Amino acid sequence: MTELTKLTLSDARDGLSKGDFTSRELTEQHLTAMEQGRELNSYIVETADIALEMADEADKRIKAGSATGMTGIPIAIKDLFCTKNVHSCSASHILNGFKPRYESTVTSNLWQDGAVMLGKTNMDEFAMGSSNETSYYGSVKSPWRAVKADGSLETKDYVPGGSSGGSVTAVAGDMALAATGTDTGGSIRQPAAFTGLVGLKPTYGRCSRWGMISFASSLDQAGPITKTVRDAAIMMESMASHDAKDSTSVKRIVPNYEHALTGDIRGMKIGIPKEYRMDGMPEEIEKLWQQGIEWMKAAGAEIIDISLPHTKYALPTYYIVAPAEASSNLARYDGVKYGLRVEGNSLDDMYKNTRREGFGAEVRRRILIGTYVLSAGYYDAYYLKAQKVRTLIAQDFAKAYEKVDVILTPTAPSAAFALGEKMNDPIAMYLNDVFTVPASLAGLPAISVPAGLSREKMPLGLQLIGQAFDEETVLRVGQVMEHAAHFTAKPKIWWGAKS
Amino acid sequence: MSVDNRTVAKIANLARIAVKEDEIEPLVGELNNILSWIEQLSEVNTDGVAPMTSVVEVDLPWRADKVTDGGYRDDILANAPHAEHGFFTVPKVIE
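So the sequence lines, in the order shown, correspond to chains U and E.
Just so you know, we're using our numbering here: the first sequence kicks off at 150 and counts up by one.
Just so you know, we're using our numbering here: the second sequence kicks off at 373 and counts up by one.
Check each hint, because a few of them may be wrong.
What the hints assert, rightly or not - Within a straight-line C-alpha distance of at most 35 Å, the following computed DSBU-like cross-link-like pairs (lysine-lysine) qualify: (1) U:K461 - U:K155; (2) U:K446 - U:K461; (3) U:K537 - E:K382; (4) U:K400 - E:K392; (5) E:K382 - U:K461; (6) E:K382 - U:K248; (7) U:K233 - U:K461; (8) E:K464 - U:K641; (9) E:K464 - U:K537; (10) E:K382 - U:K233; (11) U:K461 - U:K400; (12) U:K571 - E:K382; (13) E:K464 - U:K248; (14) E:K464 - U:K571; (15) U:K641 - U:K167; (16) U:K571 - U:K537; (17) U:K209 - U:K461; (18) U:K167 - U:K639; (19) U:K486 - E:K382; (20) E:K438 - U:K394; (21) E:K392 - U:K418; (22) U:K486 - E:K438; (23) E:K392 - U:K248; (24) U:K486 - E:K464.
In case anyone wonders, no lab produced these hints; they're calculated from the structure.
These numbers come from a predicted model, not from an experiment.
Could you build the full structure based on these sequences and the hints that come with them?
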């Protein structure tokens, strides 16, 4: 049999419906690949029994003719989503042993459509990180390794990006056809760019956040991580819904996103923001961006220079707003209701010991920053100021969209770096998200599409940012770019060899 | 603005995170690094700008103030590190 793990989601869907193979066969091949790929540490928990049961159900449904685009498709779920009676810990020790008695709305939607759960994927603890090195369950290794000048493969490990590092590694390593991710400041798009995948962060409010373990509630959004733009369209349609249990989820009809993929962007206006041309940006990123502009022109789109004047303030704004929200969201972890408890001499000591043991260094750092900027006397100077600058950043985008339909930028300022390289410098790590954070602060939909390789043959992505609830344009332009880029590189398999 | 040892000890206490004496000094450095970096926001003129309250334009949904769900005591207690007689338990707080 051909290697079913190499298929795209849409090819698998078509093959399943034609009866070329069953969901059980497809699922079993993925379970084998997961076993062989364990050293990448992309899965925290493998749910083989559940997967096979779901696959058999899906096969019945396909036979009965009631399949959807996701029926029988084996996918990976980020550990941040609550899945009933299955490990859901946001890769934190403080949620040690937590098995929710309920299912998140996004995963419920996927199961309703017949998708198959392969397991829960590793991530930065509470989604706080850009390299997947802050997980309690250890770092994730990217399937990609740089190619040295002599043409041989590097022997050191690279980061997959973060925070959805396990999800992208599962998909890029052919251990899942697709995966769920979540994006607060770039956690879907940056790792997708680092691993040659498509990552879509929809508009804030498009997916329900119910049952997602909160990080920064005004920014968190779920979205798909896939091999192609078409796959992202299919999966997005299943994940999105209005949900009475999340008052920020929006009552809007979910369109058939696949229908938006017409391949025609003639006359469309593409904005190029001059502020994204940063000092010290590697030349290969600049060149890739220019290449993207040429592709858009060749497809008949019109290129328009725009200005987003407050871009440079987006990251510092984010690093006030997100820690502030995190410090209050994470106040719920007190050793009483769920997860870890470390005893102490008093109730207060129990809280303090539990939170000391349960949270990793980066999470503790962000809670302290958040507590400080919200504390009496500093609230106006930091938090209120940041929320005002956030308004200005959103206004920049609103003004730009009077002239353009979509904005084209690089996804990240570099290719993936080696494991451990940036762990000692928080701000250097934060700068990874310099191009993804502005759209997050403005709540806008944005996609990363694989567009080329770096000098060392590591994947690079380009980002398209759209208007609120216009995922369709983002996907349509994204697919045109995907076809123009014709990115076919795959990581050379170095893992799984018996030593 | 910058933090000193006393402030870091204070916010760690507010956040209910135990911090050892010898960890405070390095934390002061780390936090000040980040704070001085976010300080650049002070150069932005925000006179007359309303703080962001919602990124998408939506009206807050309303519903009748009625109990529509509940009765999950055992589910809620199922993940508690300590539970007795249908309650969460904590260390003694009254002498």
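Against the structure, the hints:
At roughly 40 Å between alpha-carbon atoms, U:K461 and U:K155 are farther apart than 35 Å, so this suggested pair is violated. Pair hint U:K446 plus U:K461 holds up; C-alpha atoms about 28 Å apart against a cutoff of 35 Å. In summary, the hint linking U:K537 to E:K382 is supported, as the alpha carbons are separated by about 27 Å, within the 35 Å threshold. Distance check on the hinted pair: U:K400 and E:K392 sit about 49 Å apart at the alpha-carbon level, beyond 35 Å; violated.
In summary, the hint linking E:K382 to U:K461 is supported, as the alpha carbons are separated by about 32 Å, within the 35 Å threshold. For a cut-off of 35 Å, the pair hint linking E:K382 to U:K248 stands: about 34 Å separates their Cα positions. Between U:K233 and U:K461, the direct Cα distance comes to roughly 41 Å. Violation of the 35 Å bound is thereby established for this hinted pair. Between E:K464 and U:K641 the alpha-carbon distance is near 58 Å, which puts this suggested pair outside the 35 Å criterion.
In summary, the hint linking E:K464 to U:K537 is not supported, as the alpha carbons are separated by about 44 Å, beyond the 35 Å threshold. For the hint linking E:K382 to U:K233, the alpha-carbon distance of about 39 Å lies beyond 35 Å, and the restraint is violated. Distance hint between U:K461 and U:K400 is fulfilled; the C-alpha atoms sit about 33 Å from each other, no more than 35 Å. Restraint check for U:K571 and E:K382: satisfied, since their Cα atoms lie roughly 29 Å apart, inside the 35 Å limit.
Between the alpha carbons of E:K464 and U:K248 the distance comes to roughly 27 Å, so the proposed pair stays at or under 35 Å and holds. For a cut-off of 35 Å, the pair hint linking E:K464 to U:K571 is broken: about 44 Å separates their Cα positions. Taken as a hint, the U:K641 and U:K167 pair is honoured in the structure, with Cα atoms around 31 Å apart against an allowance of 35 Å. Proposed proximity of U:K571 and U:K537 is supported: the alpha carbons are some 31 Å apart, at most 35 Å.
The straight-line distance between the Cα atoms of U:K209 and U:K461 is roughly 53 Å, outside the 35 Å bound, and the hint therefore fails. Among the hinted pairs, U:K167 with U:K639 is consistent with the structure: their alpha-carbon atoms are about 27 Å apart, no more than 35 Å. Between U:K486 and E:K382 the CA atoms are separated by roughly 25 Å; this keeps the pair inside 35 Å, and the hint holds. For a cut-off of 35 Å, the pair hint linking E:K438 to U:K394 stands: about 14 Å separates their Cα positions.
A distance of roughly 56 Å separates the Cα atoms of E:K392 and U:K418; the hinted pair therefore is violated under the 35 Å criterion. Taking the CA atoms of U:K486 and E:K438, the gap is about 25 Å. The hint holds against a cut of 35 Å. Note on E:K392 and U:K248: the hinted pairing holds, with a Cα-Cα distance of about 32 Å set against a maximum of 35 Å. Using a Cα cut-off of 35 Å, the hinted pair U:K486 and E:K464 holds, with the two alpha carbons roughly 16 Å apart.
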